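Colleague: So you can see what is in the structure, the chains are spelled out below.
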Amino acid sequence: MNKKMLSLPYLFWCAAFILIPLAMVFYYGFTDKTGAFTLENILAIATPEHFKALRISILLSLIATVVCLLLAYPLAMILARMEVNTHSFIVLIFILPMWMNFLLRTMAWQTLLEKNGVINSVLSFLHLPSLNLINTPGAIILGMVYNFLPFMVLPIYNSLTKIDQNVINAARDLGANSVHTFFKITLPLSLPGVISGITMVFVPALTTFVISTLLGGSKILLIGNVIEQEFTQTGNWHLGSGLSMVLMLFIIVNMILSAIFDKEGEANAL
Amino acid sequence: MKKLIALGLCTCMTAALLSGCGSANKYPNGKVYVYNWGEYIDPETLDMFEKETGIQVIYDEFDTNETMYPKVEAGASNYDVVCPSDYMIQKMIDNDLLQELNWDNIPNAKANIGAQYYEHSEAFDPGNRYAVPYCWGTVGILYNKTMVDEPVTSWSILWDEKYADSILMQDSVRDLFMVGLKSLGYSMNSTDEKELNEAKDLLIQQKPLVQAYVIDQVRDKMIGNEAALGVIYSGEAIFTQRENPDLEYVIPKEGTNVWIDSWVIPKNAENVENAEKFIDFMCRGDIALLNFDYITYSTPNTAAQALIEDDDIRNSKIAFPDLSQYDGLETFSYLGDDADALYNDLWKEIKSK
Amino acid sequence: MRNAARKIYITLIFIFLYAPIVTLMFLSFNASKSRAKWGGFTLKWYKQLFQNAEILQALWNTLAIALLSSLIATVIGTVACLAMQYMKKRNRTIIMGITNIPMLNAEIVTGISLMLLFIVLGMKFGFLTILLAHITFNIPYVILSVQPRMKQLNPSTYEAALDLGATQLQAFFKVTFPDILPGILSGFLMAFTMSLDDFIITHFTKGPGIDTLSTKIYTEVKKGIKPEMYALSTIIFVVVLLLLLLVNHTPREKSAK
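First to last, the sequence lines map onto chains A, B and C. The numbering of the first sequence is this note's numbering, which starts it at 5 and goes up by one. The numbering of the second sequence is this note's numbering, which starts it at -18 and goes up by one. The numbering of the third sequence is this note's numbering, which starts it at 7 and goes up by one.
The set of hints was computed from the structure by calculation and includes no laboratory data. Quantities reported herein were computed from a predicted structural model and do not represent experimental measurements. Careful, some of the hints might be misleading.
Claimed, not checked - Lysine-lysine pairs mimicking BS3-like chemistry, simulated, CA-CA at most 30 Å apart:
no.: 1; chain 1: A; residue 1: 37; chain 2: B; residue 2: 334
no.: 2; chain 1: A; residue 1: 37; chain 2: C; residue 2: 130
no.: 3; chain 1: C; residue 1: 50; chain 2: A; residue 2: 188
no.: 4; chain 1: C; residue 1: 180; chain 2: A; residue 2: 8
no.: 5; chain 1: B; residue 1: 234; chain 2: A; residue 2: 56
no.: 6; chain 1: B; residue 1: 143; chain 2: B; residue 2: 248
no.: 7; chain 1: C; residue 1: 130; chain 2: B; residue 2: 7
no.: 8; chain 1: C; residue 1: 39; chain 2: B; residue 2: 298
no.: 9; chain 1: B; residue 1: 32; chain 2: C; residue 2: 43
no.: 10; chain 1: C; residue 1: 43; chain 2: B; residue 2: 298
no.: 11; chain 1: B; residue 1: 143; chain 2: C; residue 2: 43
no.: 12; chain 1: C; residue 1: 95; chain 2: A; residue 2: 8
no.: 13; chain 1: C; residue 1: 95; chain 2: B; residue 2: 188
no.: 14; chain 1: B; residue 1: 334; chain 2: A; residue 2: 56
no.: 15; chain 1: C; residue 1: 53; chain 2: B; residue 2: 7
no.: 16; chain 1: A; residue 1: 166; chain 2: C; residue 2: 180
no.: 17; chain 1: C; residue 1: 157; chain 2: A; residue 2: 8
no.: 18; chain 1: B; residue 1: 12; chain 2: C; residue 2: 95
no.: 19; chain 1: C; residue 1: 232; chain 2: B; residue 2: 126
no.: 20; chain 1: B; residue 1: 248; chain 2: A; residue 2: 37
no.: 21; chain 1: B; residue 1: 298; chain 2: A; residue 2: 56
no.: 22; chain 1: A; residue 1: 166; chain 2: C; residue 2: 39
no.: 23; chain 1: C; residue 1: 39; chain 2: A; residue 2: 188
no.: 24; chain 1: C; residue 1: 157; chain 2: B; residue 2: 126
no.: 25; chain 1: B; residue 1: 12; chain 2: C; residue 2: 232
no.: 26; chain 1: C; residue 1: 130; chain 2: B; residue 2: 32
no.: 27; chain 1: A; residue 1: 8; chain 2: C; residue 2: 94
no.: 28; chain 1: B; residue 1: 298; chain 2: C; residue 2: 130
no.: 29; chain 1: B; residue 1: 126; chain 2: C; residue 2: 95
As the list claims (entries may be wrong) - Residues from chain A shown here face chain B by an in silico Cβ test under 10 Å; the list is partial:
no.: 30; residue: 50
no.: 31; residue: 54
no.: 32; residue: 121
no.: 33; residue: 214
no.: 34; residue: 217
Unchecked claim - Residues of chain A clear of chain C, computed beta-carbon distances all greater than 12 Å:
no.: 35; residue: 34
no.: 36; residue: 44
no.: 37; residue: 136
no.: 38; residue: 171
no.: 39; residue: 175
no.: 40; residue: 177
Heads up, the beta-carbon is just placed ideally off N, CA and C, and yes, glycines get one too.
Construct all of the structure, not just a fragment, from the sequences and the given hints.
Modeller: Next comes the structure, spelled out in structure tokens:
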């Protein structure tokens, strides 16, 4: 069994189903409707509307990612301390909501957040003032956090469980208190998981469009909305591809970051 | 973990088995591939068609004209019958994607569909060569009687600051601009840059007052009393009234969009004969009635209209308005790629403010 | 005190995660078709669900595609990880970079690019095209799960097996495989999950007559979600939850971990 042959199936798959389609996107991105070479699809990111959409998308995704991180890290720590034989149970409890259809779950949030929705009904029942929750940037962030939280929790949880308890014990023996131990030992060792989680949340959040439509009242134009419209409404695949290529920059940035922070290649996502 | 996966696999397979293996029924007369809007037909009519004709219906659904178009154009799947909307039919005709109908093979179409609908169809199908109307309707303002106590007669009420954050507008380019252009007294098929920019400015002005831009959600939100006013399709209006009797529908005096969704046969259809049988079947009075009951969108089928038992519905101003009473009624035309691009750019400007 | 704080925190997160699910469950018993108002309790959607051949067919398609694509992706992904062990570091980084692309690219771009590929190849859109697309975006999740485990392996164990006379295949299955199994399983699970819920990519790569639950729901959004969908979601949820509880409460033989 030749070692080189082992890699052939996957190399073939990469070439056929990842690289070639990507090349097609590049082709569309670099041409216009007549087939002539042009840079205008990529430079289109600089138009006021597109640029604003990109800025807002980056801002919202960043906030959602940070919120995810802040919520997920303590959760991962708590879960990591639980018994070993509940490990799979925990993983599954977090994956379970993802088996419910994404669209239905987001629409359920509408029912919860609306002016006359469940949350406001409960509040008025308790004679508390109603909250204006839906159709706001906050609702979009909530939707993003809701959808991507498991992707942040699982990698961090995985890297936390891999930390050798003896290292922690050694630190304690040497006189470090909990806070000290956390910042000097736990956090650095869990960094690959954190990077993984950030990647799996930030980049998909950047291109989402369903959440801003359903929970943001479609009043905020995100770059994901723009790209989706170019492909489905306007039918201008060239522009859509060009803008997507700009977004791929983020993928490249991520790869560079991973290479720096993850020299050992320990990228343990899941 | 392993046990769970094993159990899971077993359950999956059981569920899969329970949900039925493929039908081994014999369909002696071939197939027909139908591409229609989601939830836009009574499934029973498909069963009836299959039983009566022995033709198997392979049914596919789309959610917007714009997602339907690339699929038909690319020809990756050859549909025999498609149900696009007015302007999209014109675009398909212009791009040579449709074939002319042989009216002799679809007798019910000429007999049962009212002449006025064919007249309106001339806007996008000159000479009535390609399309058979299936559903039609208007677009109007749905308002909540408990939240709006003045008479609603004009599109301009949607700009009234009294209703800030209580207005729902349509989240689609042409529909949104239709409201803007109509309230300025312009044609909704305008390609004049000055007029379009005026409409754009008007819509940007309105944006702070808009609660949300929605397509289908307008229905549930109005039922739930979330908003006082909403732009809605007539077919939805009937459904919402059933669920929430406080809702009223009105066509503004400046006029509106009279839309028609029609059956067409693409050029690359492989089962043209079966397609014709399908269209003819759908034009039968009893079948059209079944569909009307199921979808609640108005039918252009006069035979079906006569069969409607409930007087209220048969005479309903929402379902079957007397079009001659209104001014400014238009049907969408296809404006060409350049005009479309202009519309889209202006729409993006509005959305990004 | 610490303990109570932890318990409260977990409970709050749980409520957050499951609130919409519970809402869906309530809606499945709602006599009104509209999600905005409660029309009374009813079981009719459940009854209608089992009579609705299209939804059941979509369910079958969804499960079949998810199962098949995750299985195949797991095999290809695991073999790929094995192969990468023997690659030069630089090649490995390149391959990992390429692997990330489907996962990080906007779904709509992946969907359209695959659709273009299938058109160019002249393929008829149908079950196969959806399957190929799903395998493509599943493989990265498998690789990202298996790779770390592979890195942690002690190469000496494998070599020892070879020294003791095992063939490469035997050594793999008896030594390597059990060690990376947790990674393989979680990769499979992740792939299955992603495949179940996908609709954009499926939408662009499917043919007429084939629907998954996701695409079916998506096309219904315009005219109103059939409450049968809520009923179906509730059933799926309850079934999986029961499975979970069942497995977790069976006699403990976990100490062998």
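Colleague: Straight-line Cα separation of residue 95 of chain C and residue 8 of chain A no greater than 30 Å?
Modeller: holds, 15 Å
Colleague: Taking the shortest Cβ-to-Cβ distance between residue 171 of chain A and chain C, state whether it exceeds 12 Å.
Modeller: holds, 16 Å
Colleague: Would you check the hint for residue 53 of chain C and residue 7 of chain B, treating anything up to 30 Å between C-alpha atoms as holding?
Modeller: holds, 28 Å
Colleague: Are the Cα atoms of residue 12 of chain B and residue 232 of chain C separated by 30 Å or less?
Modeller: holds, 27 Å
Colleague: Hold the hint about residue 217 of chain A up to the distance rule: shortest CB distance to chain B must be less than 10 Å.
Modeller: Check passed: Cβ of residue 217 of chain A comes within 7 Å of chain B, closer than 10 Å.
Colleague: Let's test the interface hint: is any C-beta of chain B closer than 10 Å to that of residue 121 of chain A?
Modeller: holds, 8 Å
Colleague: So, as I understand it, the hint says residue 214 of chain A touches chain B; can you test that by seeing if any CB pair is closer than 10 Å?
Modeller: violated, 12 Å
Colleague: Against chain C, does residue 175 of chain A keep a CB gap of more than 12 Å to every residue?
Modeller: Residue 175 of chain A clear of chain C: closest Cβ-Cβ about 19 Å, beyond 12 Å.
Colleague: Take a quick look at whether residue 166 of chain A and residue 39 of chain C sit within 30 Å of each other, Cα to Cα.
Modeller: violated, 49 Å
Colleague: So if I understand the rule, the pair passes when the alpha-carbon distance is 30 Å or less; does residue 126 of chain B with residue 95 of chain C pass?
Modeller: Violated, at about 70 Å.
Colleague: The hint names residue 54 of chain A as touching chain B; please verify it with the least Cβ-Cβ distance against 10 Å.
Modeller: With a closest approach of 8 Å, the residue 54 of chain A hint holds.
Colleague: When you check the alpha-carbon spacing of residue 39 of chain C and residue 298 of chain B, does it fall within 30 Å?
Modeller: holds, 24 Å
Of the numbered hints stated above, those contradicted by the structure are hints 3, 5, 6, 9, 13, 18, 21, 22, 23, 24, 28, 29, 30 and 33, listed in ascending order.
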